[in-house]
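Once you've looked at the hints, dock chain B against the given chain A.
There are 2 protein chains.
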Amino acid sequence: MKLKARLLDIQAGGRRITILDNETASFLGVHSSDRVKITYKHQSVIAIVNVAADFPLNYVGLYEEASKRLGLKDEESVEIQPAEPPESMRYVQAKIRGERLRGNEVEMIVRDVVERHLSDIELASFVTSLGIRGLSMDEIEALSRAMVKTGSRLNLHKAPILDKHSVGGIPGDKTTILIVPIVAAAGFVIPKTSSRAVTSAAGTADRVEALCPVSLSIEEMTRVVKKTNGCLAWGGALELAPADDIFIQVEYPLAIDPLLLPSIMSKKKAIGATHLVVDIPTGRGAKVKTIGEAEALSNDFIDLGKRLEIRVQCAVTFGEQPLGCAVGSALEAKEALSTLMGNGPLDLKEKATAIAGMLLEMVGVKNGKKEAEKILDSGKAERKLREIIAAQGGDPKINPEDIAIGDKRAEITADEDGRVLWVNNEDIAKIAREAGSPKEKGAGVLLRAKLADHVKKSETILEIYAERSTKLESAVELANKLKPIGLSGKPEERMIIERIPKPTEPRKTFMLER
Amino acid sequence: MKLKARLLDIQAGGRRITILDNETASFLGVHSSDRVKITYKHQSVIAIVNVAADFPLNYVGLYEEASKRLGLKDEESVEIQPAEPPESMRYVQAKIRGERLRGNEVEMIVRDVVERHLSDIELASFVTSLGIRGLSMDEIEALSRAMVKTGSRLNLHKAPILDKHSVGGIPGDKTTILIVPIVAAAGFVIPKTSSRAVTSAAGTADRVEALCPVSLSIEEMTRVVKKTNGCLAWGGALELAPADDIFIQVEYPLAIDPLLLPSIMSKKKAIGATHLVVDIPTGRGAKVKTIGEAEALSNDFIDLGKRLEIRVQCAVTFGEQPLGCAVGSALEAKEALSTLMGNGPLDLKEKATAIAGMLLEMVGVKNGKKEAEKILDSGKAERKLREIIAAQGGDPKINPEDIAIGDKRAEITADEDGRVLWVNNEDIAKIAREAGSPKEKGAGVLLRAKLADHVKKSETILEIYAERSTKLESAVELANKLKPIGLSGKPEERMIIERIPKPTEPRKTFMLER
Chain A
3 MKLKARLLDI QAGGRRITIL DNETASFLGV HSSDRVKITY KHQSVIAIVN
53 VAADFPLNYV GLYEEASKRL GLKDEESVEI QPAEPPESMR YVQAKIRGER
103 LRGNEVEMIV RDVVERHLSD IELASFVTSL GIRGLSMDEI EALSRAMVKT
153 GSRLNLHKAP ILDKHSVGGI PGDKTTILIV PIVAAAGFVI PKTSSRAVTS
203 AAGTADRVEA LCPVSLSIEE MTRVVKKTNG CLAWGGALEL APADDIFIQV
253 EYPLAIDPLL LPSIMSKKKA IGATHLVVDI PTGRGAKVKT IGEAEALSND
303 FIDLGKRLEI RVQCAVTFGE QPLGCAVGSA LEAKEALSTL MGNGPLDLKE
353 KATAIAGMLL EMVGVKNGKK EAEKILDSGK AERKLREIIA AQGGDPKINP
403 EDIAIGDKRA EITADEDGRV LWVNNEDIAK IAREAGSPKE KGAGVLLRAK
453 LADHVKKSET ILEIYAERST KLESAVELAN KLKPIGLSGK PEERMIIERI
503 PKPTEPRKTF MLER
Chain B
3 MKLKARLLDI QAGGRRITIL DNETASFLGV HSSDRVKITY KHQSVIAIVN
53 VAADFPLNYV GLYEEASKRL GLKDEESVEI QPAEPPESMR YVQAKIRGER
103 LRGNEVEMIV RDVVERHLSD IELASFVTSL GIRGLSMDEI EALSRAMVKT
153 GSRLNLHKAP ILDKHSVGGI PGDKTTILIV PIVAAAGFVI PKTSSRAVTS
203 AAGTADRVEA LCPVSLSIEE MTRVVKKTNG CLAWGGALEL APADDIFIQV
253 EYPLAIDPLL LPSIMSKKKA IGATHLVVDI PTGRGAKVKT IGEAEALSND
303 FIDLGKRLEI RVQCAVTFGE QPLGCAVGSA LEAKEALSTL MGNGPLDLKE
353 KATAIAGMLL EMVGVKNGKK EAEKILDSGK AERKLREIIA AQGGDPKINP
403 EDIAIGDKRA EITADEDGRV LWVNNEDIAK IAREAGSPKE KGAGVLLRAK
453 LADHVKKSET ILEIYAERST KLESAVELAN KLKPIGLSGK PEERMIIERI
503 PKPTEPRKTF MLER
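Same order as they appear, the protein sequences are chains A and B. Each position in the first sequence, counted from 1, maps to that position plus 2 in the numbering used here. Each position in the second sequence, counted from 1, maps to that position plus 2 in the numbering used here.
Excised from the complex, chain A in its bound form (with noise of 0.2 Å):
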């Protein structure tokens, strides 16, 4: 039937949703979650019925995201007519009653995910099946396909590329920072890209955009890789897996993330990546609780990356502290560069170098990490990183004292004489968070003791730094109702506490004696 456009001069989130009187969907025989096809000019979108009570009579409300798709504007006249669910409903359906799906039905899913074509009730209902169901690795390879399929690709025409990620969990891990430059120096190419913060206290996203501009395209990432070989960007500015944006709206607010590998691997896989290290940090405080857990991500990992063609090693790292002292956006930029200079914590100078020194070991540099420690200790990386700040926008000259820190700052101290026990990686974020972090980059903690370490009663154990007083008030007033430190030896020598899959040594000569 014909009806008169609305346009709705607001947006739905991305979401196609239009509106309809109640009589005038039933006119059509249409509910609300009924899908109707919208035609204007020989032009078609599929989009998803809302019924009101009050809606005018023949209209039909349109958001931006239909109309502009359209080009349509109020009052013009369009054709409505009732859809059919998409095709890929049956196997969301046949999720939901158990069964495992094929890849070219998941990749129908993943299509109609990226089109806008299901529901957020559609969407969590997958989502959901996911979570309880499982997946099978095939469902995981075909997903992760999908989902580099339906996306942008930086194309830079090189091997190997080199990639790392952390699955994260705990605050303060700015390694990536310091990774990215010793390869690059190294001589590899590493297009990275990393996320904001959207639970924790700072993504490496965040922490970046306190030394440089992090919003690349794909076209000035690929020219920023090519003029330094690295790159420390914004992924979700590039578009790389649209599907995994949409999904992830739908696991925050349910706190689940059943799409956790597909979501990881396709994004590498978009950026080409031949080899990537996995950082699992693992201990009470961490995502990932159990050595035994790690390793069976650890595998899935591995599993997954021989179906994407992508060579993984994984390393298990120790999760049950902060890394390093600093949690919070220009706080922990500056700690990263402070190392990379030659002034920073143990304990982070040894996860990067290990870490990069896997990597390097991968493409076959012999003693991996002690190449990594040169480079850093030379200052190569330093400079390798001010390259990158350069080829990114920022000022390659910047020093750890111009980074702006919050000015309103608070300490708090110990209760009394100690050795720390533990420190809560939860409650730390949490005390950051209440400080402005992410959105005030000036906010965050920095810790003055760590495990192991030996405490004087009165003597500072955490300072807290905020950009607004409130703020700082209602920070310090949540660490002394969590007191995230525990008081009552050095763990920073040696943070790898296993290696995914395990270094080859000689076999003996196998004997068999009669």
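Worth double-checking, as some hints may not be accurate.
A pair holds if it fits inside one copy or across any two, identical chains being indistinguishable in the list.
[Stated by the list, open to error] As a list, the in silico DSS-like pairs of lysine-lysine whose alpha-carbon atoms are at most 30 Å apart:
1) Lys-399 with Lys-382
2) Lys-4 with Lys-75
3) Lys-151 with Lys-291
4) Lys-432 with Lys-368
5) Lys-6 with Lys-75
6) Lys-483 with Lys-4
7) Lys-160 with Lys-452
8) Lys-6 with Lys-441
9) Lys-371 with Lys-483
10) Lys-410 with Lys-39
11) Lys-432 with Lys-452
12) Lys-70 with Lys-289
13) Lys-308 with Lys-410
14) Lys-39 with Lys-485
15) Lys-485 with Lys-441
16) Lys-228 with Lys-308
17) Lys-432 with Lys-4
18) Lys-289 with Lys-485
19) Lys-410 with Lys-4
20) Lys-452 with Lys-483
21) Lys-6 with Lys-371
22) Lys-441 with Lys-39
Just so you know, the hints here were simulated from the structure itself, not pulled from any lab data.
Using the frame of chain A, we list chain B on its own:
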């Protein structure tokens, strides 16, 4: 923070959604799907955030649901604070993990559903989890009770209160229009509520609407029942279980109904039913396919009934073809009225008197079916229906020929001589819907051949009625494609296959010889 209200003069289908610009959301530290508390003059609502890219800064967009609740005007200033997810989300997540929920946890979820504190994403995830994990009978009971608690109730201050329900699935099932007047004429109270069609050709509310108004308030319903002992009201206007109306909005697009039992039984409890017969049409073309399935479902209904203090009996009924000949609102109303006046199809009469008889026996009447037949044959039931029609505001003198049927008519004829081997329920419903049912009351189909009938080549086997010729044409086209009546003895004299629990037979004296 203080923001200015921008009122959007549209509804969000009951959802409490608020729109914030990217920047504003980021400053508040909230993402899409997070919650905010909106305060205006000592009143607050919790709303779910949708982040838009170009919404005016320092403004908060409010759909009518939220602005009306706050009594807010455009451009007025409101206080916005981030709000935590409601506690019920913990239990939604527990259900995703496969945990069994306790009564108070279920109640908290249902309250938040009704208060619109849960988003579509959260609701869809909950319903999907129920579908996959299943529900224990304790959870089903808790859901039923919570749905009653959060809705309106009918208080007739009388007992017994009789009711019947069909789980549905076969087209043309107008039994309720006969059972209500039979039971009411026998002197028992039967305050029947019914639904409209969602995916079927007609719901009982649609059918009755061809005879009299059905949108009654609780007060009007009470008045009609006090006057006539019965009513035939539309349940939708009564808010008996508002949680269920919201759940259905999510179950419908997903095509799953894990809440079938609490959905039905909460509404029965809400009208105060003490005795209930549940009709379970069973057969290849029905919703319930096998007698085994029907028995399992019966036992669940009976168990849940005991928990809710409703005596339940189930009738497993023959469901392999439509009931009677008419499918479509007006055609069915006409057939039901004719049957009450002595001229209806045998199977309809048989089923209606059998189920009415079960109800009468449950409240102590002997030979229930015989009694029901007597009430029907004597014209008492017809007079009672006319009383109800008058009380609901219709014309009590209405005759079958007064009911307007679509004036566009087509006949489908037999391709060959033969016996009717099957009638496809689903296809018959599709053809009736294609002809315009349920929206166009005069549209539908009339079966001229049913199971086991002998048919000659070129004889009419199906009539199609429509209000518009385009609809008639596409219905005829569909009928020729689907061929819903398969050609190649008489079941109408024994409609009920099984009765659960089986009527207890007098026990033989127990003998133990030593």
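Each hint tested on the structure:
1. Lys-399 with Lys-382: Within. Shortest intra-copy distance 15 Å satisfies the 30 Å Cα cut-off; inter-copy 99 Å does not.
2. Lys-4 with Lys-75: Result: close within a single copy only, 15 Å intra versus 34 Å inter.
3. Lys-151 with Lys-291: neither (33 Å within a copy, 42 Å between copies)
4. Lys-432 with Lys-368: neither (41 Å within a copy, 71 Å between copies)
5. Lys-6 with Lys-75: both (10 Å within a copy, 28 Å between copies)
6. Lys-483 with Lys-4: between (62 Å within a copy, 28 Å between copies)
7. Lys-160 with Lys-452: neither (43 Å within a copy, 72 Å between copies)
8. Lys-6 with Lys-441: between (42 Å within a copy, 22 Å between copies)
9. Lys-371 with Lys-483: Neither way: Lys-371 and Lys-483 sit 41 Å apart in one copy and 72 Å across, limit 30 Å.
10. Lys-410 with Lys-39: The answer is between: 28 Å across copies meets 30 Å, while 56 Å in one copy does not.
11. Lys-432 with Lys-452: within (17 Å within a copy, 70 Å between copies)
12. Lys-70 with Lys-289: Neither. Shortest intra-copy (41 Å) and inter-copy (43 Å) distances fail the 30 Å Cα cut-off.
13. Lys-308 with Lys-410: Neither: 50 Å inside a copy, 65 Å across copies.
14. Lys-39 with Lys-485: between (57 Å within a copy, 28 Å between copies)
15. Lys-485 with Lys-441: within (24 Å within a copy, 64 Å between copies)
16. Lys-228 with Lys-308: within (27 Å within a copy, 75 Å between copies)
17. Lys-432 with Lys-4: between (54 Å within a copy, 24 Å between copies)
18. Lys-289 with Lys-485: Classified as within: same-chain Cα gap 20 Å, cross-chain 58 Å, threshold 30 Å.
19. Lys-410 with Lys-4: Between copies only: 23 Å across, 61 Å inside.
20. Lys-452 with Lys-483: within (19 Å within a copy, 76 Å between copies)
21. Lys-6 with Lys-371: Classified as neither; 67 Å inside a copy, 56 Å across copies.
22. Lys-441 with Lys-39: For Lys-441 and Lys-39, only the inter-copy Cα distance (20 Å) is at most 30 Å; the intra-copy one is 40 Å.
This entry does not satisfy hints 3, 4, 7, 9, 12, 13, 21, going by the numbered hints stated previously.
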